[in-house]
Amino acid sequence: MFDWEKIGKIFAENSDLIWSGIATTLILSIFGTVVGLILGIFLAYGKNIKVKDTDILIIKILKSVLRGFCVIYSVVLRGTPMMVQALIFKYGCQALGLNWENIRFPSEVLNVFNGWLIAGLIVITLNTAAYMGEIVQSGLNGVDKGQVEGARSLGMTSAQTSISVILPQAIRNALPTIGNELIVNIKDSSVLNVIAVSELFYRLKDIATTTYSFLEAYVILALIYLVMTLIASGVLKLVEMKLDGKKISLNPFGRYLRARKEI
Amino acid sequence: MAEIVLEIKNLAKFFGKTKVLRDISLTVEKGDVIAIIGPSGSGKSTFLRCLNLLEEPTRGELIFQGKTYFNIVKCKNDFVDYDAYHKALDKYEEELVRTEDNLAIYQNLKIEGSDDPDLLNKIKAAKKEFKEVRKHPVQKIDYYDAKRYEEAMKNTPKFSISSGEINKIRSKINMVFQSFNLFENKNVLNNCCLAQEKVLKRSKAEAKEVAFKELAAVNMQDRMNYYPRELSGGQKQRVAIARALCMNPEVILFDEPTSALDPEMVDEVLNVMKKLASEGRTMIVVTHEMNFAKNVANKVLFMDKGYVVESGNPKEVFENPKTQRLKQFLKM
Ligand SMILES: Nc1ncnc2c1ncn2[C@@H]1O[C@H](COP(=O)(O)OP(=O)(O)OP(=O)(O)O)[C@@H](O)[C@H]1O
Ligand SMILES: [Mg+2]
Numbered sequence: 009m010f011d012w013e014k015i016g017k018i019f020a021e022n023s024d025l026i027w028s029g030i031a032t033t034l035i036l037s038i039f040g041t042v043v044g045l046i047l048g049i050f051l052a053y054g055k056n057i058k059v060k061d062t063d064i065l066i067i068k069i070l071k072s073v074l075r076g077f078c079v080i081y082s083v084v085l086r087g088t089p090m091m092v093q094a095l096i097f098k099y100g101c102q103a104l105g106l107n108w109e110n111i112r113f114p115s116e117v118l119n120v121f122n123g124w125l126i127a128g129l130i131v132i133t134l135n136t137a138a139y140m141g142e143i144v145q146s147g148l149n150g151v152d153k154g155q156v157e158g159a160r161s162l163g164m165t166s167a168q169t170s171i172s173v174i175l176p177q178a179i180r181n182a183l184p185t186i187g188n189e190l191i192v193n194i195k196d197s198s199v200l201n202v203i204a205v206s207e208l209f210y211r212l213k214d215i216a217t218t219t220y221s222f223l224e225a226y227v228i229l230a231l232i233y234l235v236m237t238l239i240a241s242g243v244l245k246l247v248e249m250k251l252d253g254k255k256i257s258l259n260p261f262g263r264y265l266r267a268r269k270e271i
Numbered sequence: 630m631a632e633i634v635l636e637i638k639n640l641a642k643f644f645g646k647t648k649v650l651r652d653i654s655l656t657v658e659k660g661d662v663i664a665i666i667g668p669s670g671s672g673k674s675t676f677l678r679c680l681n682l683l684e685e686p687t688r689g690e691l692i693f694q695g696k697t698y699f700n701i702v703k704c705k706n707d708f709v710d711y712d713a714y715h716k717a718l719d720k721y722e723e724e725l726v727r728t729e730d731n732l733a734i735y736q737n738l739k740i741e742g743s744d745d746p747d748l749l750n751k752i753k754a755a756k757k758e759f760k761e762v763r764k765h766p767v768q769k770i771d772y773y774d775a776k777r778y779e780e781a782m783k784n785t786p787k788f789s790i791s792s793g794e795i796n797k798i799r800s801k802i803n804m805v806f807q808s809f810n811l812f813e814n815k816n817v818l819n820n821c822c823l824a825q826e827k828v829l830k831r832s833k834a835e836a837k838e839v840a841f842k843e844l845a846a847v848n849m850q851d852r853m854n855y856y857p858r859e860l861s862g863g864q865k866q867r868v869a870i871a872r873a874l875c876m877n878p879e880v881i882l883f884d885e886p887t888s889a890l891d892p893e894m895v896d897e898v899l900n901v902m903k904k905l906a907s908e909g910r911t912m913i914v915v916t917h918e919m920n921f922a923k924n925v926a927n928k929v930l931f932m933d934k935g936y937v938v939e940s941g942n943p944k945e946v947f948e949n950p951k952t953q954r955l956k957q958f959l960k961m
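Protein chains in written order, with my numbering: chain A, 9 to 271; chain B, 630 to 961.
Be a bit skeptical, because a hint or two may be false.
EDC-like mimics (lysine to aspartate or glutamate), calculated; alpha carbons at most 20 Å apart, straight line [as the list claims (entries may be wrong)]: (1) A:58 with B:685; (2) A:153 with B:685; (3) A:60 with B:685; (4) B:923 with B:945; (5) B:815 with A:157.
Rather than coming from a laboratory, the hints here were simulated on the basis of the structure.
Generate the whole structure from the sequences, applying the supplied hints.
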């Protein structure tokens, strides 16, 4: 039978493990989303490299190779499950003589940092990058291109134009989707338990087997994931409102006033 | 004699086979206000865009303050081997007729109710062949004489300009667009500061000071913190003008600056432009506002189909048009 008392007990007795699981999951999902976004930006630009007639041969070849790599990367990583990618990464590294288990950190904070976490971070980042590439690309498509001409006609370089004008807008437009990717990562980082990354799912599975309270442990797990994703989407809403220049008010009846300083 | 700012010699621009600009020459002196008028599609925008190399001309020479920044004298089109071209053209037409006839024969057979079991496949094949031929029309450019072309190119010094130099030129020849093209993610003040900081390497404080001055000049000083989406069309265009002025340009190119505006906002922008003209700014203005061309410009070009058909001072052009085309355009 389902036992509510047991839930409290499991939580109290294993709170250290659970907190370290939460910390690991947060590190994985936040790092994966942020660094994945940065890589995704490069990927989006890489997929759009244009080979010009005026380029010399070596540049033409280099551009084509780079572009091909970006396209294939994005197709393969989005077309296969992250769990499988993690396993291939683990055994691939082993085949090359690199065993992540052997990488140790001198002072283990909350039992969180170890070699497997590093492996997990790499896998989730590389996986997220592929999705972020698509997200950034559609964000870029949504930006009015007249602004590029506006900037270029003032003498700005294409890099300056991208960094100061186009990318900020692309990312702003894509922010809801990028935020969604964070929420997906909070949940999907659970598959990294297959390579022994001790994130939240891994911890609760452990607790479930040692206490023989499977149902209770997994209900706790579900609740924690739910709380985490709800908090994450709340924070993202606030960030979006802030970017839109709306005054953040915790009063649900307060109107969002445009803060405008007059000079 | 006034100082010559910009010289355009024999400018041409082709997009593939469409010849948008044929052969345009123009000398722009300091303080000139040149109005360009002409029907839609005559190449006015393309002309302006060639001047700051937003569009790369196919040939011609561009000289800014005595310094050549674009120069292509010869292009492949000048070396077309007409014998080969016409031969290929004849062959192409022959093929076209042959395959089309072929197709027609089979189709007639079908209508007549022929009992050839293979007829449908034959029609399909004939159709395919016909389409294949039609897909590859003969293009002049494919029949240029490579040997003569290369020889000529060897004897003309190769002209090239770095992208850094192009950017420097662009910062001196600014453009104001029909669609404003303001930076949507920056407020009015930062729209004016960005290029100053990035291109002219001015300090933040310096850039701000210049921006204050130029925004005041277009009467937008009380909208510094607004974003483009919060401005009316006329206000956006005035900010775009201020953004260009901040770069201390030698020439400002206007591409139909009032065409996207509601009628009641046209005047506020035209008044700013009149003020600039009276301050002695050098301007080239593509416009449909004939009154502006008549009263403010000191030179008017009438363009049609890629040519400058007529040019001269406004009085000549508007009161005494020589060509039928201009008369038609002015509805005289
Ligand atoms: N990038 C391009 N590729 C192919 N053709 C183009 C391109 N840009 C312009 N053209 C063609 O060049 C011709 C002239 O265009 P342009 O925009 O210069 O005309 P315009 O005189 O400015 O007309 P409008 O008054 O409508 O603005 C048009 O026929 C157009 O279709
Ligand atoms: Mg135009």
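(request) Kindly indicate which numbered hints from before are broken by the structure, ordering the numbers from low to high. (result) Checked against the structure, no hint fails, so every one of them is satisfied.
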